[in-house]
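A.B. asks: Here's the letter readout for the chains.
Protein chains: 2
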Amino acid sequence: MGSNVNGNAGDNVTSTSNGNGNGTATVDKGVDFANYFCTYAFLYHQKEMLSDRVRMNAYFNSVFNNKHHFIGKTVLDVGTGSGILAIWSAQAGAKKVYAVEATKMAEHARELVKANNLQDVVEVIEGSVEDITLPEKVDVIISEWMGYFLLRESMFDSVICARDRWLKPTGVMYPSHARMWLAPIRSEVADQKMGDYQGSMDDWHEFVTETKSFYGVDMSVLTKPFSEEQKKYYLQTSLWNNLDPNQVVGTPAVLKEIDCLTVTVDDIIQVKANILSTVTKEDTWLCGFGGWFDVHFNGRPENPAECDVELTTAPSIEYGTHWGQQVFLLHPPARVNKGNEILINFLMNRSEQNHRLMNVDLGYEIKFSAGKMLPPVKNKFYIE
Amino acid sequence: MGSNVNGNAGDNVTSTSNGNGNGTATVDKGVDFANYFCTYAFLYHQKEMLSDRVRMNAYFNSVFNNKHHFIGKTVLDVGTGSGILAIWSAQAGAKKVYAVEATKMAEHARELVKANNLQDVVEVIEGSVEDITLPEKVDVIISEWMGYFLLRESMFDSVICARDRWLKPTGVMYPSHARMWLAPIRSEVADQKMGDYQGSMDDWHEFVTETKSFYGVDMSVLTKPFSEEQKKYYLQTSLWNNLDPNQVVGTPAVLKEIDCLTVTVDDIIQVKANILSTVTKEDTWLCGFGGWFDVHFNGRPENPAECDVELTTAPSIEYGTHWGQQVFLLHPPARVNKGNEILINFLMNRSEQNHRLMNVDLGYEIKFSAGKMLPPVKNKFYIE
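Chains as they are written, first to last, in the UniProt record's numbering: chain A, 1 to 384; chain B, 1 to 384.
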């Protein structure tokens, strides 16, 4: 679920292991709530996600076209929000559904379950899935945990924890698989952002001149940190965008593949990939890179889905989602031509200040026809 | 300083007394930082305040037109931000200035002090004024602590604490006095907001119909809480506005007067006032109320300013400030005429979830000519 995270404030991550048993740092719960969880307590935000037809259709179809996974089974819905996935699981025939939600939205989920006559099947539990106790292990864990570019918000950590605590050895994950994708793109936004940055610096210089002149204080020593702050804000922070497929100028490539049954938090703390993309358009511009994800509902080898379902957030005119894509812009853009090869090295780590946000190191080299290459370029980005 | 406060997240205020000695509740520091302090660590935000000419001129004039308060004296700047007030105090002749700042902005303040050759006079201290220790008491406490409508952000609590800990018995406060004002206004925004609210509810009803139809889940039990959430958002949350003086349709009245030398936190935890405003315009609309503040730099009776300075945030074409005014809209508006009397009872308390935000109970009665009166109206508002 794409959502706001307060990127300004650290979550006081300390480097001691804690009770979730996998060596990740302790996050202050009150701060985590102030930074992250609180937005999910708003019905308006739940409605936005519930109004995303592509999202809704994928989960709806994955459940109702695979009733064999649900009939007479026990289910855990991690981060139930309004309760929708728990309700569908019950309607598909589950014997018992535990719907866990950390925010006060749990109270609305409880009302919704009751209003749909499912209170005998669905038990809403308000709390963190890391802390709550269930009376039994479950056959299915269903969750809509995906953030922008898949891993923003780091909610999947909670799903992994739930799986390790509560999924039967034969249990299935909904979704079962996830992939991160990257592709070179063209975009007019890059020029805009550079213009905004330059305008902001012009404004700053005027401000420095006036502050010296009217108020006798020389602020020029702050020009460097101000420009770094503005550069980060305008040029280095990834953007939300709903890209037109025509903006994709080269072959997309997979950065990461996740098997939700076996992946660990250590596997996803860092995303590191060297990929190749071939330019597919004549005489165009490499303005940046677009990142997105897809998930699949395939069940498991021993107990597969009867009907595989895919939820993709790739650029699309008709099937855009509230996730959009994450856009990493380059300054300046580069001219490229059909057949050129772009070698990309991608490294994404969690922000030290806030584990739900990401830092990206993105380097690329362009191999033109006849072997000519530009010097490699390396850029730092922030997913806020 | 008007600023964003994360209104979504509580600051875990507990009801025990704590070390600040005046019976206020303990606020979790990490959460307070995530909700409030963090925005002040951005140079962009400091620049916004430094670019407010009315604000800058008032403080500049209050200091440099009253050098007798500064020459050879010790000064404490509470919440120094970029360091500007501390720098002016030193330039006006202070012997020593302690500039306290809770965020990493303190590092920039230190650079700025050095770049202006004042490091021998100004000592920047990173920390909360409630926690830090000074080697001596001071002659002057200077601070720009005012939030929207004066008390939003509740920063004045910190100034009072600093005064009780560090101001000499003969010391002066900059500013020395503060007042909150309220006036009836007309505004076209009220209709817009009602339209937005109604549009949002129309959209919701469509959403409920479709969710039942396509996904088999009846969301109608959530209509009431959704409408309350939307009502609070569109109709009951005070707005920032830079009002045109022509929009003020009745005589402004003082809600609260504060003597910064003697006021206690208990005095400002609640603002309660019954005021009267006389309509000054012919045949107009009462669409709501506008709230603003002013502060004065008068010194103290035993040691007055030589040159009294006022900083007002009243509606003004030429002298608007970044504080604007806070606007409380009424639905529906009421027709009023010159000479009508509006009796207003105003009650402002701190939000239980976040002591830096406010709840307002605003009731009014209109006394028309010939004694005719409409039934009293009572409204709840939120300053977020």
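Mixed in with the good hints there might be a few duds.
Stated by the list, open to error - Calculated pairs, DSS-like style, for lysine-lysine (alpha carbon to alpha carbon, straight line, at most 27 Å):
| id | chain 1 | residue 1 | chain 2 | residue 2 |
| --- | --- | --- | --- | --- |
| 1 | B | Lys137 | A | Lys29 |
| 2 | A | Lys212 | B | Lys96 |
| 3 | B | Lys231 | A | Lys114 |
| 4 | A | Lys168 | A | Lys96 |
| 5 | A | Lys231 | B | Lys104 |
| 6 | B | Lys95 | A | Lys212 |
| 7 | B | Lys67 | A | Lys104 |
| 8 | A | Lys96 | B | Lys212 |
| 9 | B | Lys272 | B | Lys378 |
| 10 | A | Lys212 | B | Lys67 |
| 11 | A | Lys231 | A | Lys380 |
| 12 | B | Lys380 | A | Lys104 |
| 13 | B | Lys380 | A | Lys232 |
| 14 | B | Lys224 | B | Lys168 |
| 15 | A | Lys212 | B | Lys224 |
| 16 | A | Lys224 | B | Lys67 |
| 17 | B | Lys95 | B | Lys137 |
| 18 | B | Lys95 | B | Lys231 |
| 19 | A | Lys104 | B | Lys212 |
| 20 | B | Lys29 | A | Lys114 |
| 21 | B | Lys224 | B | Lys212 |
| 22 | A | Lys380 | A | Lys193 |
| 23 | A | Lys104 | B | Lys272 |
| 24 | A | Lys95 | B | Lys380 |
| 25 | A | Lys224 | B | Lys114 |
FYI, nobody ran anything at the bench for these hints, they're computed from the structure.
A.B. asks: Has the given pair, Lys95(B) with Lys231(B), been kept, meaning a C-alpha gap of at most 27 Å?
C.D. replies: violated (54 Å)
A.B. asks: Measure nothing beyond the straight line between the CA atoms of Lys212(A) and Lys96(B); if it is 27 Å or shorter, mark the hint as holding.
C.D. replies: holds (22 Å)
A.B. asks: Quick one, are Lys95(A) and Lys380(B) close enough, alpha carbons at most 27 Å?
C.D. replies: Not OK: Lys95(A) and Lys380(B) at ~45 Å, beyond 27 Å, violated.
A.B. asks: Quickly compare the C-alpha distance for Lys212(A) and Lys224(B) to 27 Å and report which way the hint goes.
C.D. replies: violated (56 Å)
A.B. asks: Please verify whether Lys231(A) and Lys104(B) have alpha carbons no more than 27 Å apart.
C.D. replies: Status holds; Cα separation ~19 Å.
A.B. asks: Below or equal to 27 Å on CA atoms is what counts here, so check Lys231(B) against Lys114(A).
C.D. replies: Answer holds: Lys231(B) to Lys114(A) is near 25 Å, not above 27 Å.
A.B. asks: Lys380(B) and Lys104(A) were given as a pair; does the straight-line alpha-carbon distance stay at or below 27 Å?
C.D. replies: Cα-Cα ~22 Å, so holds.
A.B. asks: Between Lys272(B) and Lys378(B), is the straight-line Cα distance small enough, at 27 Å or below?
C.D. replies: holds (14 Å)
A.B. asks: Decide if the proposed pair is consistent with the structure: Lys224(B) and Lys168(B), CA atoms, cutoff 27 Å inclusive.
C.D. replies: Given pair Lys224(B), Lys168(B) is violated - Cα atoms ~56 Å apart, limit 27 Å.
A.B. asks: Under the criterion that the straight-line Cα-Cα distance not exceed 27 Å, is the pair Lys95(B), Lys212(A) satisfied?
C.D. replies: Roughly 23 Å separates the two Cα atoms, so the pair holds.
A.B. asks: Just to be careful, I want the Cα atoms of Lys168(A) and Lys96(A) compared with a cutoff of 27 Å; is the pair within it?
C.D. replies: Between Lys168(A) and Lys96(A) the Cα gap is close to 14 Å, so the pair holds against 27 Å.
A.B. asks: Run the distance test for Lys380(B) versus Lys232(A): straight-line Cα separation, threshold 27 Å.
C.D. replies: At roughly 40 Å apart (the allowed maximum being 27 Å), Lys232(A) and Lys380(B) break the hint.
Of the numbered hints stated above, those contradicted by the structure are hints 1, 7, 13, 14, 15, 16, 18, 20, 23, 24, listed in ascending order.
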